[in-house]
Amino acid sequence: MIKSELVQRIAEHNPHLYQRDVENIVNAILDEIVAALARGDRVELRGFGAFSVKHRPARAGRNPRTGAHVPVDQKCVPFFKTGKEMRERLNRDHPDGAGDSTD
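Take the sequence shown: its letter number 40 is residue 40 in UniProt numbering, and every next letter is one higher.
Don't read these hints as lab results, they were simulated from the structure.
Here the structure is a predicted model, which means the values were calculated and not measured.
Mixed in with the good hints there might be a few duds.
[Claimed, not checked] In the DSS-like style, the derived pairs of lysine-lysine whose C-alpha atoms are separated by at most 27 Å in a straight line are:
no.: 1; residue 1: Lys-54; residue 2: Lys-3
no.: 2; residue 1: Lys-3; residue 2: Lys-81
no.: 3; residue 1: Lys-75; residue 2: Lys-54
no.: 4; residue 1: Lys-54; residue 2: Lys-84
no.: 5; residue 1: Lys-54; residue 2: Lys-81
no.: 6; residue 1: Lys-3; residue 2: Lys-84
[Claimed, not checked] Here are the in silico distance ranges between beta carbons for each label pair:
no.: 7; residue 1: Ala-28; residue 2: Met-86; range: 29 to 35 Å
no.: 8; residue 1: Leu-45; residue 2: Pro-71; range: 16 to 22 Å
no.: 9; residue 1: Leu-90; residue 2: Asp-21; range: 26 to 32 Å
no.: 10; residue 1: Val-70; residue 2: Met-1; range: 20 to 26 Å
For every residue, glycine included, the Cβ atom is placed at its ideal position computed from N, Cα and C.
Could you build all of it, start to finish, from the sequences and the hints given here?
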């Protein structure tokens, strides 16, 4: 699902809201999550999961084409850990552990 599909579904479930208002709300939520992560904060949405930032130290990498060693700068990467309720719901819906497939 992409953001525009999410906005459309929320608007369909809430006919009293204009789609542009739903889009503004979704953008505000996502922007605030990004801003919190940029500040180094952790964002937890109970039942859904938690967003945090992991710090990767500088290291020596390798160019796969030439095999030459190249320096890789340190960086911060976003990390998401699912909540217990989401894991239980996914496993309840798919007891064999398989997700939706497009076969």
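Of all the hints given earlier, name the ones this structure violates by number, lowest first. 7, 8, 10
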